[in-house]
Amino acid sequence: MSGIIEQERYTCAIGALQSVVAIPRSVPILHSGPGCGNMIQGFFERSTGYAGGSTSPCTNFSEREVVFGGVDRLRENIKNTYKVLDTDLQVVLTGCTAGIVGDDVDAVVEEFREKGKPIVAVETAGFKCSNLEAHSLVVNAIIDQYVSLFEAENPARSEKATVNLWASIPYQDPFWKGNLREYKRLLAGIGLNVQVLFGPESAGVTEWQRIPRANFNILASPWYGLPIAEHLEEKYGQPFTQFPLIPIGANETERFLRQVIDFAAEQGAGIDVGKAEAFLKSEEGAYYDEIDNLATFLLEFRYGLPNHAHILHDAGYVLGLSKFLLHEVGIVPKEQFVVDGTPQQFHAAIKAELAATSDKKTIPLCFEPDAGKAQDVIRAASNKGRGIILGSGWDKELAKEKDFDFLSISVPSPYRLVLTTNYVGFSGGLRVIEDIYDAVLATYR
Amino acid sequence: MEKVNLSLPEVSVREIRLGSITGFQGSAGELVQQSRCGLKDKARSFSQCLGCSTAQAACMVTLIQDAAVISHGPVGCSSCLHEFAFTYRVNSPLRGVDHPTQRKIFSTNLDESDTVYGGAAKLEKAIREVHARTNANAIFVLTTCAAGIIGDDVESVCDEAEEELGIPVIATFCEGFRSKVWTSGFDAGYHAIARKLIKPPRERRTDVINVINFWGSDIFSEWFAPFGAKPNFITPYSTVESLRYASEATATIQACQTLGSYLGAALEQEFGVPEIKAAPPYGVAQTDHWFRTLGKLLGKEAEAEALIAEKKKEYLPQIAELREKLVGHTAYVTGGAAHGHALLSILGELGLTAVGASIFHHDPLYDNDCEDADALAASVNNYGDVPNFNVCNKQEFELVNTLNRLRPDVLLCRHGGMTLWGAKLGIPAQLIGDEHFGMGYEGIVRYGERILETLENDEFVKNLEKHAVNPYTKWWLEQAPQTFLEGHPTAEEKKTA
Chain A
1 MSGIIEQERY TCAIGALQSV VAIPRSVPIL HSGPGCGNMI QGFFERSTGY AGGSTSPCTN
61 FSEREVVFGG VDRLRENIKN TYKVLDTDLQ VVLTGCTAGI VGDDVDAVVE EFREKGKPIV
121 AVETAGFKCS NLEAHSLVVN AIIDQYVSLF EAENPARSEK ATVNLWASIP YQDPFWKGNL
181 REYKRLLAGI GLNVQVLFGP ESAGVTEWQR IPRANFNILA SPWYGLPIAE HLEEKYGQPF
241 TQFPLIPIGA NETERFLRQV IDFAAEQGAG IDVGKAEAFL KSEEGAYYDE IDNLATFLLE
301 FRYGLPNHAH ILHDAGYVLG LSKFLLHEVG IVPKEQFVVD GTPQQFHAAI KAELAATSDK
361 KTIPLCFEPD AGKAQDVIRA ASNKGRGIIL GSGWDKELAK EKDFDFLSIS VPSPYRLVLT
421 TNYVGFSGGL RVIEDIYDAV LATYR
Chain B
1 MEKVNLSLPE VSVREIRLGS ITGFQGSAGE LVQQSRCGLK DKARSFSQCL GCSTAQAACM
61 VTLIQDAAVI SHGPVGCSSC LHEFAFTYRV NSPLRGVDHP TQRKIFSTNL DESDTVYGGA
121 AKLEKAIREV HARTNANAIF VLTTCAAGII GDDVESVCDE AEEELGIPVI ATFCEGFRSK
181 VWTSGFDAGY HAIARKLIKP PRERRTDVIN VINFWGSDIF SEWFAPFGAK PNFITPYSTV
241 ESLRYASEAT ATIQACQTLG SYLGAALEQE FGVPEIKAAP PYGVAQTDHW FRTLGKLLGK
301 EAEAEALIAE KKKEYLPQIA ELREKLVGHT AYVTGGAAHG HALLSILGEL GLTAVGASIF
361 HHDPLYDNDC EDADALAASV NNYGDVPNFN VCNKQEFELV NTLNRLRPDV LLCRHGGMTL
421 WGAKLGIPAQ LIGDEHFGMG YEGIVRYGER ILETLENDEF VKNLEKHAVN PYTKWWLEQA
481 PQTFLEGHPT AEEKKTA
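Protein sequence lines correspond, in order, to chains A and B.
No gaps in the numbering here: position 145 of the first sequence is 145 in the working numbering, and each next residue is one more.
No gaps in the numbering here: position 136 of the second sequence is 136 in the working numbering, and each next residue is one more.
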């Protein structure tokens, strides 16, 4: 039985409608109660994209649909969506109402697909799972119901140097746009042609149609998105390589890229390893120029800098940032909190990965979707020195209580705007440093 | 049927209680006229995402200083409530709350097995845990679609917990699917407060006036001072204790009747606190009328006249000056019902021509059943009819279509997400979050200045217009805005096309 949640840091299954919003010129069509879209819009904020938010069609279940079913209303809404909105892909997502009532949404959607419409249905009743899990449901539904229609023109594994990347979950990762851009740039640097599928760096539905062509998949995530990679392995025989965290800074970015280089070689991607290594070296050089220049500040600044950090985020960020802060910034990670509802079966591997961060230190880690409870642990902690909390807008008040520094890096994030900033990669590490010390220095007036 | 019945756990939704509608196309005058003889709602064959009741109920109970809130549903049903935590913190200086405390917002996080076996046991446990963790003086339990359909007995669970814990634990029935009028959620929140929190008065306090409002600036302390009274703000920044004895105030006023309709009536009918039923003070005529009504009720007519005279002396010349600059400009209004009507009155006072409005829903009359409270009627009487009056249920596609057609000089919005479409079409657009900003004579001046500023500084929207992305089809922009509204001549044909 799942427990209560205070200060939620993720949302319910229908929140994965944002993964549709992130595909250029696509529209989520909600078959749900009236407030679902509004709740999701309010959770992510500034996240309407092309046709999300108040633009997204919704059947707005009323008492009548709850009693008599809502398929007629859905059919009508889909039909009129084609008249009102100009979109390349339509994804129907169900809410709790439709889920409990048991509407046969697949049948309605099938009617339109038979007429040649690029439409997909996916069950995302809120009680089913979190939006992080539902992201995979949405992607796999698009693969099965849309991508599969274009297999004839896109033979499986027909392009040796092409890969699909599954990493940041759109909007749930506030840095998703920038991160996908940086992953793409880095992977292009080692000689791969990358399909990122979401956001401005993707080519929209035509890129989705080409998913089967990829030689293999890259999954940069400790757990979310895994069902996508597994599904593509089964469906198109594409193997995948999983990197268990978000690579931030030089150490983990190099580890990530070397893992991909090795895997690409195994899969016969035909990349030039010498060139790839040269690219890594040049990126690394530029990175350490900056760190070298900065080290004096980090070591000498006389007026006080944070010496330890608490992170409340998804498992990928907790791992990536803990490693980065300890080894590349000199901030010691203390109690860490994975607040993304990571399923139990992944806990051990994530713990092991964090334990491997240091052979001198143990970093306490807690899986706690009830972030209010996580806050109580931080409230009670008494680590020496000035702390910094890296979390969501919820944590700003806690930071104030503790007289800690604060950086907003996860949703919901009402106190910070993120547009196309990336935290992934060499440049992402430098940006994290800028953000942390901007916040710290802003306290000196 | 009785509109206020505090012996029942639930208050009926606005469609049933007030005959409210969410679809209409005509003129404001026609709507006022039809409101007196039975309005019929119209359905849409195309619809976009709405808000729902649970967020509005939460809006009213989350901001009580010492209460905790439990959303009984899947985690998504409380997703946007962090916005109220932000509001509470950011606006606290406006209400003299020096140390705003963290909002206590929980979800029972219902999962699939709960929908099969029921979530009552989980709720019971949650209430105990929230009590232990927050030490709140009251706990509100908000229902959701999932909890409603699976049929959890939330009322009994709350009653038992209340007995066990010794604090009010209040079931608040606000499932989204029950109403198309999301303001039904305000009523649900107020019904919860009225039936379980508010106690019979111990005395009548002539120095206290209830103000049912959101979280705007405090203009009322100054306004009430000549009457020897001070505001008791309901519910944002109130306490469980201050709400409990709202029953002792000498009167209740509304900042927005769409918001406070139900509680104003409940306080009058059940606790004897008279409600000022005059439409809120927007525009000179309504402001005159409102202060006079207040003075009369308090037995302080002379004080009211003195205040009116003093304020008019100061502000009427400024209003006249603004009118000269603004006259001839066209404007379009979009917002919730009563506040939208208020904006129309302000426009009328400032000499702008309202070329239309997209108002989210319409209540023929409020819970007080009083025609004097009808702000739209007042606006039409004082400033004339408004064409293209669309009750739109916040349907963006209708707004975009209409704006594109009418191309007003300025767009006035009350709710988030709507200014964007003005801007995309190159129409200067403004949203004023503080709902008290336009009240009274001084409010007309403030609003006029802001409209001038918006009209003057249109460089941003003109640039955005050049680069705006538009997902709406050319076909749609060429149709009549009410094409998908039931009864429209082309609606049936379009349905089968």
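Since the hints were made in silico from the structure, they are not lab data.
Misleading hints may appear alongside valid ones.
What the hints assert, rightly or not - As a list, the in silico DSBU-like pairs of lysine-lysine whose alpha-carbon atoms are at most 30 Å apart:
hint, chain 1, residue 1, chain 2, residue 2
1, B, K3, A, K83
2, B, K296, A, K83
3, A, K83, B, K325
4, B, K462, A, K128
5, B, K424, B, K325
6, B, K424, A, K117
7, A, K334, A, K384
8, B, K3, B, K296
9, B, K424, A, K83
10, A, K128, A, K117
11, B, K42, A, K79
12, A, K184, A, K115
13, B, K474, A, K79
14, A, K184, A, K83
15, A, K83, B, K313
16, B, K313, B, K296
17, B, K424, A, K79
18, A, K79, B, K40
19, A, K83, B, K125
Since this is a predicted model, take the numbers as computed values, not measurements.
- [ ] Hint by hint, work out which the structure violates, then give me just those numbers in ascending order.
- [x] 1, 2, 3, 4, 12, 14, 15 and 19
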